[in-house]
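> Once you've looked at the hints, dock chains B, V and L against the given chain D.
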Amino acid sequence: MRPLQDVKPLQGGRPFWRGLPPARFALGAVLVCVPLVLALCGPLLVGGPGPRAASFTLGDGHWLGTDFVGRDVWRQVLLGGRPVVVVALTATALAYLVALPLGLISALTHRTWLEETLMRPLDVLLAVPSLLMILLVASVFSPGATGLALLVALVNIPDAARIVRAAAADVASRPAVEALRMQGESWWRIAVGHVGRSILRPLAADAGVRLTGVLYLVATAAFLGIGVAPDAADWAVMVDRNRTGLFVQPWAVVVPALLIVALTMGCNLLCDAALRKGPRS
Amino acid sequence: MQDYPGLRRRGFLAAASGIGALTLVGCGDSGSGNKSGGADGGGDGKPRRGGRLRAAFAGGGASETLDPHLANLFADVARAKALFDKLADYGDDLSAQPRLASGWEPNAGLDRWKVTLRKADFHDGKPVTAEDVLFSFRRIADPEKAFRAKASLEPIDLKASRAVDERTVEFVLKRPTAEFPNVLAAFGAYIVPDGSSAADFDKKPVGSGPFRFVSFTPGRSAVFRRNDDHWDGAPHLDEVEFVVANEESARVNALLGGQVEYAHELNPTTARAHEGKGQIEIVRLRNSAMQAFAMKTDRAPFDDKRVREAFFLIADRQELIDGALSGAGVVGNDLFGKGYEYYADGLPQREQDLDRARALLKQAGAEKLKVTLDTSAVAAGFTEAASIFRDQAAKAGVTVDVKMGSKDSYWADILDSGTLCCYRSGAMPIEAHLSQRLLTDSTTNATKWHHKDFDALYQQAQATKDDKERAAVFGRMQRRLYAEGGFLVWGFADWIIGTAKGVKGVDRKAPANTLDWARFDKVWLA
Amino acid sequence: MSGLGSWAARRLLFGGVQTVAVVLLVFALTEALPGDAAVALAGDQPDPVRIAAIREAMDLDRPAYERLADWAVGLAHADFGTSLASGRPVTSYISGAFGPTLLLASLTVALLVPVGVGLGVLAARFEGRWVDRLVSAVTLGVYAVPEFAFGVLLVTVFALRLDWLPPTAVGYGTDLLGHPAALVLPVLVLLSRPVCSLSRLVRAGMIDALASPYVAHARRYGIPGARIRYAHALPNAVAPAAQQLARTVDWLLCGVIVVEALFVIPGLGTVLMNAVAERDVPVVQGLAVVFGVITVVLNLGADLVAHRFAPRAEVAA
Amino acid sequence: MSGSSRSGGASGPSGPNGPAAVAVAVAEIEGLTVEVDGRRIVDGVSLRVLPGKVTALVGASGSGKTTTGRALLGEFPPGARVEGSVRVAEAWVGYVPQHPAAVLNPARRVGALLHDMARGQVRELPRSERRPAARSRVLAALEAVQLTDGGALLQRFPHQLSGGQQQRLVLAQALLLGARVVVADEPTTGQDALTKRRVVDELAAVAARGIGVVLLSHDLETVRALADEVLVMREGRVVESGPTERVWLTPTHPWTRQLLAVRAPLTEPVPRGPGPAAVLRVQGLRARHRPGVEVLRVPELAVHSGECVAVLGRSGSGKTTLARCLAGLHRTYEGEVLLDGVALPRSLRDRGRDRLAAVQYVFQDARASFDEHRPVLDQVARTAVRLRGVAAPDARAEAARTLDSLGLSGESAARVPARLSGGELQRAALARALLARPRVLVCDEITSGLDTVTRRGILDLLAGLLRDRDDLSLVLITHDLDTARLATRIAVLDGGEVVEQGPARDVLTAPAHPFTVSLVESSAGPAAESAKSAESAGWA
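Protein sequences, first through last, are from chains D, B, V and L.
Mapping of the first sequence onto numbering that gives the first Met the number 0: residues 0 to 280, in sequence order.
Mapping of the second sequence onto numbering that gives the first Met the number 0: residues 0 to 525, in sequence order.
Mapping of the third sequence onto numbering that gives the first Met the number 0: residues 0 to 316, in sequence order.
Mapping of the fourth sequence onto numbering that gives the first Met the number 0: residues 0 to 539, in sequence order.
One chain only, chain D, in its complex shape (with noise of 0.2 Å):
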């Protein structure tokens, strides 16, 4: 009787999967491309305005339909990327463009006062629910689009600065950053060429998120009358001013939620595979 037995069986480790990150790369990158294409080729695409029908009908010369005060909807889908895009996009790079110093300036700074001047307002603006901040600021200063840029990516600044500050206080802490100082480095460089590039991975995960979160804030906004006209040419827009047609004339809705939906998953799919190619800390 042998005391001895083969406990574990051998084989070749854990399998391997090299082969996906591409895959979700190309799928986040055509489900980018289709709305992204629209929204920046559509405007050069389309012509002069016809002819107003009535609203939410099918046929006659309008493929996609009419909308909710009979404009053509193919052609409103073309026009409506841009701004969609361009606000959102612009809100989201503002909201990091604030929140990104504030983070990084708390995080590296050993000055208490100075991290408590600069996040304790932030975590003020936090407990205001969004909701009643959009509604009040919204109808204080009604602000055009540049002004709603500017209010969605307020809204979005607290809580940007809170994660780009709880990633760069993470680095922060790290013999690095120790050894970046003790060269003579300038705050710049520490904080921006090494910080800043160090919590890249983690700021794409979340701003693949918070476009999202942006970019039904811009339509909500568009509906309070905020920056957007409420019959402006917006992907947002159609769909939530259309939604009443949605049993008749489904396709403005559906058509430019679906554009949305693909973009933001796309972000999201591309934020993905770029964090998946790094190298894990």
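Please keep in mind that the hints were generated in silico from the structure rather than gathered at the bench.
Be careful, since some hints might not be right.
[Said to hold, decoys possible] Below, in silico cross-link-like pairs of lysine to any residue (SDA-like), each with a Cα-Cα straight-line distance of 20 Å or less: (1) Lys144/B to Ala51/V; (2) Lys118/B to Pro192/B; (3) Lys203/B to Ser91/V.
All figures in this text were calculated on a predicted structure; none of them were measured in a lab.
Using the frame of chain D, we list chains B, V and L on its own:
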């Protein structure tokens, strides 16, 4: 991240109040309720007694009250109408129909009116008396409170008015008012028992209406039971429940799902989706809401009547109806009150004429005109109409800049500022429209229409006892407005109601705000 | 642990300051809104004389700071004041609407946690395989669908076509518990997006945890797979998820306008919308206090959870 | 070990071990070859683990000893191709990692895993008896590793335990498991002499229970003190094996000889009399950590020009805090750090270019101190650019020269840190600091994570620097007496206090303070002979 459909809920406030009167119309004992109820009931078969009807309205949330004098929204009015009665109410053509008043008689000078009450009881068994009427009117006119109907009662000198006997009131007026019955039918002029207070209405309101109070939760539901002793005959229904659903799709879904039997204020698109499908009934109340653009006639560029006429000619009214109202309405002819008593329907229908519009603008030296059009999400179709009109104006070389305003303060904002705005009005007598909006001292003169001769015409009409003569004066006033007024009335929207298949006796002609609209005592469940 | 105690006390103190700041901000913004309660009440009858009369009746002719001071003094005595629009106490507004909101929120959270965590763990367990890809794709897709669209879809299919569930909760008022069927669809809609974000967070945390040396160690020592996943790996994925959960609960409690409107549930969101539309400052203020306190308490809770599940290593000498 | 093959203690399933022959292996590896990406990390290794015996795998980092040890656990690198056979006695294989904290779940109390393990062993018992039975097994296992007060301990989180407790806890897990084989991966690396001694004792106690211990280590002292059998590995192959004494006394393979030669004496630094004035002087330093806990008190410490001062102490003694105070990385202290008699700002952020350059610091974890995205050469060169204002191309050239002189080729330096070994990175880190032309170089445990050969290389480097650069003073922070021998003066820290200070020879040969005495003794313990030989050759 969220979305705010609730914001759409505030349909326009039902509006009607009048100053002055001329003669009595439809005076007599035959209540219009019986008349219209009978007429509609005919098509629906024999009324069946019993059952509970649930009606969904857009409401006012937790601030709602059952105080009938505070009624502001459609839901408030529908509830008030079930619990209370007015002395008179509007018929389908917006003429005053007697209700608690069995009749009225003016003196020769038209400034002293004797109103006789019919025999009716409040829910607590006490009779409705002249003192109750005077109490109710004095409560409304209380300067401490700012009840909506106060302005409508302005012609009455309440100090001098008195109860002649138990069931006769003598109203002393400040000036001749031929259309005085309109005052009695004014929006919110409900009769409540002498001594009622706000607290009573919150706890257990007592009225003389066709239904008695059972329960009420602000912003949610109100349940009322049949008043078997109602003077106009007991309702067919055992109970009616008013539920609040601010989102239109929720009202439709509740109706489709059998959770309510009556849904008030539906979208034209919804109506199109379900009309004739057999699942639910769609009722379109025609001529319910005037749709207009209001031009301020006292300032450039609209102080030039050629510019105003050019704007009349720019509008493609059918396109506005199709686009902004989804086809649920009829074109307007720049006059208020299509289908109402005294409406000047002999005038030719105005059509789009861009060439002539351009020519007029050129004459006025207003080529390449730029104007700002104020609009807001305050009422359905406003923003849509604004953008459609912007496109139409562009064809005549006019640049319209659409400006979105706050929906909560829109009406106050547009009263004095701006030059051009979207405007809309619920049903009211033409006389009331004139007196509230088009006289020099009108409180809500959004077109800044200040003309002494026009004011004089109005005074003349109110002092004219003869119906025909008075109609002729109103006709003259309307022709003037048609030619050079400040209201570009492009259409009249339908008011759309959905009912379950079994609901019968719903009036199909009464515009919103009139007696037979949202009236449940003549409705039954088949 | 006195350290934790004093930390929590400091946090609560700051929370109080935060709430005061929120209230001041909200007051300032509400005051700055175009129009006031009088204008809102006058509606399409903006007769200036009447508006002035209403303003006087509502005490709106007094300076803003005086009204704020009065309100603050009242609040110190636990008096939230009375509504401008109806004259009823603000507490009746809040208490009336809090029930449905709380019910919806607790039901949603009760389902959200197991479903979100379960999906996240499932995806992490099969990382890179089809289950993972399916879960990831579906959560990503649903996350991108607006709430109202999802709500309309559910109502159409399950209430109107199949007739399984009531389409709205109209007329049920606060007695929602008596009509559980009416809650199914609203809770599903409320769940849709939080489940997606939560499961994605849990998945990410679980993938890291499952690849960690301590999980390898537990596996090495023969702990069953399910036990490793839920008892050993999951606690490490909880900290980031707790923050997200706190924000979700915050959102659920501070007004879910779309769902409330779509399904006719009279919760705090509806009260807030109405109060802002009516410029009913005391009600808006009262809600701001409630929301502020909820946010502060939730964030504190989330931080406590994070503290518990992600204890920092002591600083090395 | 022939008769009873039962493992001692209450735990451990009694395997059906018949009366076995003298050398019945509890684990056996035959012809193991592991290939990753076409590279053979382990090449034809065979190994027998006998009960109650300690088998050591020695070799430099990357020699394949860890992969071999892991194979006993049934674990292989991802994507590895494996040939050969691994046989292990039934029951699980225990594992003691280098950092016990890594295998302790930070989010669970320490009892969680122990209870889960015990619960699996008491499944046959009636339901009501399972809980107490499992608990008594857990407590017995804790007892066996001298963790008393087990009940309270189980309620703690891993971060609330000391390093020693963590290590014993991991051993307790292996005992509870009933392991017949325990793989210990570098259990003493980076530990001070007293701790090392404790670990050695614990592992010896484990072996005494009849458990086969596989020791993976480059710590020769520990191997010598513990191992019965040694396998010397290099580049995946076993180059020499045999009983420990035999391999030590008569090594046959040249690599083994080289490995053992590291034990040879260090070069004695040219003793220079301390310069006239202290470059760096610490006065009345009292350092705190955040909650106001004082962790370090240094009334007086001077570093003279050209001198090497070692700060010796166990982990937790406050020596790293002292180093960080000097470097400006730790700000919360009272008292002063004077450079040339002028107080240095507490934070390095407030130190100007010159002062920053004057005091440089080399981190313990070289890998963590580099930016993972940029090539090492670029990072090193920045010091010259920022602190000495050298133009970028010149700085790069200078950095390349310095790196080369420290033994890092240009090819390696052009890579990102992930592709460099620990030793290479430590050289690069030294180069980075040296490029500032510092007057004082503070080296914080810079050799503790390195294998013997590499460590030797680094220490030689430091000795060379001291020789070549007159104006350079070194402050060596270390737990290791060997490293401290490099110094001219030694300060001994214990519990945040300087317990002894003086010339290196005095401290090492005639320690005055009891703590220093125990430190020196325990160091002499496991490798007494080598210490003696070092003394006779180098210090006499």
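> Each hint: holds or not?
Results for each hint:
The straight-line distance between the Cα atoms of Lys144/B and Ala51/V is roughly 11 Å, inside the 20 Å bound, and the hint therefore holds. The suggested pairing of Lys118/B with Pro192/B holds, with an alpha-carbon distance near 14 Å, which does not exceed 20 Å. With a CA separation close to 18 Å, the supplied pair Lys203/B and Ser91/V stays within the 20 Å bound.
Checked against the numbered hints given earlier, the structure satisfies every one of them.
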